[in-house]
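*Asks:* Here is what each chain is made of, one letter per residue.
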Amino acid sequence: MRMPTLALKRKQWEPLAFASPSLFLIAVVIVFPLAYAFYLSLRDYDLSVGPGHEFVGLRNYTEALFGDRRFVESVWNTVVIILPSLIAELLLGLGLALLLNRVIKGRPIITALLAIPAMVSPVMAAMAWRMLFGVKYGAINNLGRQTGLLDVYFDWFSTPFLSIVTIVLVEVWHNTPFMMLVLLAGLQSIPQELYESARVDGASAWQTFWSITLPLLKFTMAVGIMIRMIDLTKLFGLIFVLTYGGPGGATETVAFTTYLVGFNDFRMSYASALAYLIVGGVLVLTLVFMWIQRYREARAA
Amino acid sequence: MAIALEQTRTASRRRISRHRVGRVVGHVLTYLGIGVALVFFLGPFFWIVTTSLKANNDYFAFPPVWIPDQPSLAHYVRLFTNSSGFRYFSNSLVISTLSMAAAIIVSLPTAYAIARWRFGGGVLSTVLLVLRMLPAIALIIPLYIMYKALGLTNSYLGLVIAYTVLYIPFAVWLLVGFLRDFPIEIEEAAMIDGCSRLGSLVRVVVPIIAPGLAVVALFAFIATWNEFLFAVVLTGIETKTMMVLVTSFTSGGTDMFYGEASASVVLGVLPAFAVAFALQRYLVKGLALGGTKG
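Chains as they are written, first to last, in our numbering: chain A, 1 to 301; chain B, 1 to 294.
Incorrect hints may have been included.
[Said to hold, decoys possible] Partner residues are not named here, just some residues of chain B that face chain A (Cβ under 7 Å, in silico): (1) Ile34; (2) Ala37; (3) Trp47; (4) Thr50; (5) Tyr59; (6) Phe89; (7) Phe228; (8) Ala272; (9) Ala274; (10) Gln280.
[Stated by the list, open to error] To spell it out: a stretch of chain A is covered by chain B in this simulated footprint if at least three of its residues, at any positions, have a beta carbon under 8 Å from a beta carbon of chain B; those stretches are: (11) 97 to 106; (12) 129 to 143; (13) 197 to 204; (14) 232 to 244; (15) 260 to 271; (16) 277 to 288.
In case anyone wonders, no lab produced these hints; they're calculated from the structure. C-beta atoms are modelled at their ideal positions from N, C-alpha and C, and glycine is treated no differently.
If we strip away everything but chain B, and leave its shape as in the complex, we get (with noise of 0.2 Å):
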């Protein structure tokens, strides 16, 4: 009997024994998978950085040089006074910050129509939808010629309206699903109060959903600071963005020059690093454009 028990014991400690070395092992290649992703994904970019960093003789050396012994600055110094690296940087600075105020300011009350009276019905968010699928390159052949005859080309307008209407089915998306959270008891209160219907939008509700309203300002800049289509067909030479500089260093054929080129692409995706921490939680229904919602 004592001898029965002792071996059940026995075999039950081995057989945990067994599960926490499977265990161990699975914890061990669960980090070393991600470990790898990290590399995969994330290297490129920590090359282009070192990259950006090194002095000049540091390209032609031999064993290459991976990390410079003396990073300088010198390629973003020469980006800005001589390629007008700095008048890019800001165009698209400019550019991407009206596109996202106007695109929140067009969209919000849109979004409140949608969300508080079921504008449009069910047919609207089929009509987003399909929007949002739709391929700029039908778009951009004829506002082009639109474009040319209203001399809006190589204008920040021009391509601010194109960047905000482009935005607006994604912004009224993200909007209508932060509205609907929004308790309509507290809008009753203001309006009792004596609040029009839009001074209760304004005073009440956007302060409320003002982190919301971030999220999708922040994915509207993101999203109009990559664009690349519209700009390049678009822009002339001062209205020209980064994403548009960046591509003029490829005439430079398969060895062009790396200094500037990759100063330009670390400025280039700073925003991206910066909005990928900030909207953690949101990045699916970002990434989406509300695709997926549900």
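In isolation and in its complexed conformation, chain A is listed as follows (with noise of 0.2 Å):
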């Protein structure tokens, strides 16, 4: 009976076959357009002045870095937009993985029900709040009118500081879920045997949540702000739809600033260094995410 392990002995060429047309569009769609980004953004081409570009060297990276406010205060807006989101997200997540916890009957339904806005396109949310937050015709308005709350129309994207507290609204509500999903997945991981024994010795509900829930959720946590925070650096569909990066300016996130230079201005070269540091900035946060993955792993053998 050796005839198995023949029959699984692998040919020298079968994985790279395998794996080959993966590799190769992957070649070609991604890291051939990386590699020519970068080599665009050491040079200047600018689509609105002619097609032909020369070598500047790194002038590009200087100017976004210390001679361009604009993405200097996008890199600030992005901040204002995630510090705030994610806390709530978390939170929030974390209530809603508590209470779904706690739900007996039902709980299957009742989360695919809660996970649907982190099912639906950023375009579609936004613009589903959009909507809802319309002068006359918007549910909000209309409501605080009726009920008393608001005697005018009101315009929710009037100020900066409006426009983000709105931005943050939208995302809380579209992203919640999945952090709920997430923090339920730990939660139920947790043994109840531990909570058993708490009980026993007399714990309240209040230590049991110190001492034993909160440590062993830590890391889950720490796992799901970081896939939020990176995919918070990429915020775009929002923005597009809900404030066009207005008023002023005052809601460009480093993303969709990075959009506007390269297909409002077509400053090819110039987008693709602010692109790089995006990708600079995002690569710090997913070499953290490894190393809490890797600390895990550790910790759990």
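Put the complex together from the two separate chains, hints included.
*Replies:* Below you can see the structure in the form of structure tokens.
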């Protein structure tokens, strides 16, 4: 009975042959364009000027970091949107996960219903909310007027501050369900015996939460936050629909500014340099993420 | 003695009843919280659906009409006839379906090589993770220039190629998980009977892991359906998707034309509803794109 192992003995070329279609496509559609973008970022390719371009070294990068208030401000805008969104998503997601964990009847259906916003595209989510916030026909103004809370048709995107608040609200609506799902999965992987022995020892609900649930959920929370943080650096569709960067550029995120530089101003080289700065930022965050994963695996082993 | 026993019994009974009251209150609060959450997360969808069914004069009414007396499909009809909504809806369907199929066909052998032969060792999974985290904005600028030079903008093919490749990391990641669970003995039996490696993958493995493939396919469909940045940059008049169509309604300013806009949002979110229910068990993994594996 040696045959089975013989049958599974691989031919040298087979793994590579099996993987080659996707490796080829990734090389052509991802790796080569990225290399090309880096090449472009060292030149001055500007489609609004003409097709010719010359080598300019790191000028685009120094301009972005030290000479371009718009980009530096977009970094700040991104941070201002990310931080409250993350905190709200974590707290709300945790609350919902704890609630769902207590639900006995109909948990799968309730979970699926609550998960729907996370499955919807950012553009659609933003469009729905833009209509909800509509000045004359929006549900929020109409509800406010009907109940007497508002006495005018309010423009929810009139000031930078309000615009950021509404963006954060929509983002929290859109992605809290993701955090909830991740944390619910984390909660359910905590062994029930721990809770039982805590009850036998007469621990209160708060004590159980602080000394069992929270410590054991720490890594799940860290992973959820890292994924959200990395995805939030790419915030684009929401901004495109809700404010288009306005008022006065106050809600332009890094991804949105790069888009405008590339496809409104057609400064391809400069946009590539901005994109590479974003990639650098995301790479650092990804390394932190991988480090957390490793640490968790090491702790689990 | 009897009195003492009686006392402890009533005391314990009181403790039990207090406990029970606490539990009932806890349950009520739990379901109250869930109810509030359901209203917050699903309310917008409810309002969009009713808005899309309103007659035109209902928009101007005060007090506002929340649920129209005579729901009408007029806005859907107008969306499909006037705003070329039908064309963009079918564009989305075609592009998503083709990308989904292509992504699976390309990813399955790669996932197989990783699951069976540990192809690439640990390096490959790191590469896939980095690709997953890569900001799309970094890719779209060079890709736009390349597509322009090759004449691939405003074509199905261009968008399908881009979506297929963007989706490979996720598809491979999920498929490796499904393939690792697949018992190697079944394949060995097939191969002793003279099946080639590719033959056993297609004829033996695929039918058995079909449910797993369906999960990957549905996620691929929804991901390409929802994608916006590539669609808005790479499509033209003829190849726009639903996501691009819906943003065109915002040009009307704060008071855009609500009827068609809400109808297109309803059509745009339909697949999300379907997938959320079909893939309940896989939502965490799918949404994290394998990032939280384990």
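*Asks:* Return the status of the interface hint for phenylalanine 89 (chain B): holds when the least beta-carbon distance to chain A is below 7 Å, violated otherwise.
*Replies:* This hint is violated: phenylalanine 89 (chain B) lies away from chain A, its Cβ roughly 13 Å from the closest one there, beyond 7 Å.
*Asks:* How about the stretch 129 to 143 of chain A: do at least three of its residues have a C-beta closer than 8 Å to a C-beta of chain B?
*Replies:* Coverage by chain B holds for the stretch 129 to 143 of chain A (11 residues, Cβ < 8 Å).
*Asks:* Count the residues of the stretch 277 to 288 of chain A whose CB lies closer than 8 Å to any CB of chain B, then report whether that count reaches three.
*Replies:* This one holds; 6 residues, not fewer than the three required, reach chain B with a Cβ under 8 Å.
*Asks:* For the stretch 260 to 271 of chain A, count the residues whose Cβ lies under 8 Å from any Cβ of chain B; is that count three or more?
*Replies:* Held - the stretch 260 to 271 of chain A has 4 residues with a Cβ nearer than 8 Å to chain B, which meets the minimum of three.
*Asks:* The hint names alanine 274 (chain B) as touching chain A; please verify it with the least Cβ-Cβ distance against 7 Å.
*Replies:* violated, 9 Å
*Asks:* Min Cβ distance, tyrosine 59 (chain B) to chain A: is it shorter than 7 Å?
*Replies:* Nearest chain A Cβ about 5 Å off; hint holds.
*Asks:* So, as I understand it, the hint says alanine 272 (chain B) touches chain A; can you test that by seeing if any CB pair is closer than 7 Å?
*Replies:* Holds, about 4 Å.
*Asks:* Quick check: the stretch 197 to 204 of chain A, covered by chain B? Criterion 3+ residues, Cβ under 8 Å.
*Replies:* violated (count 0)
*Asks:* At a Cβ distance under 8 Å, does chain B reach at least three residues of the stretch 232 to 244 of chain A?
*Replies:* holds (count 7)
*Asks:* The hint names isoleucine 34 (chain B) as touching chain A; please verify it with the least Cβ-Cβ distance against 7 Å.
*Replies:* holds, 6 Å
*Asks:* Close enough to count: is the Cβ of phenylalanine 228 (chain B) nearer than 7 Å to one in chain A?
*Replies:* holds, 5 Å
*Asks:* Establish whether the coverage given for the stretch 97 to 106 of chain A by chain B is satisfied; the threshold is a Cβ-Cβ distance below 8 Å, and no fewer than three residues must meet it.
*Replies:* holds (count 4)
Against the hints set out earlier in the document, violations occur for numbers 4, 6, 9, 13.
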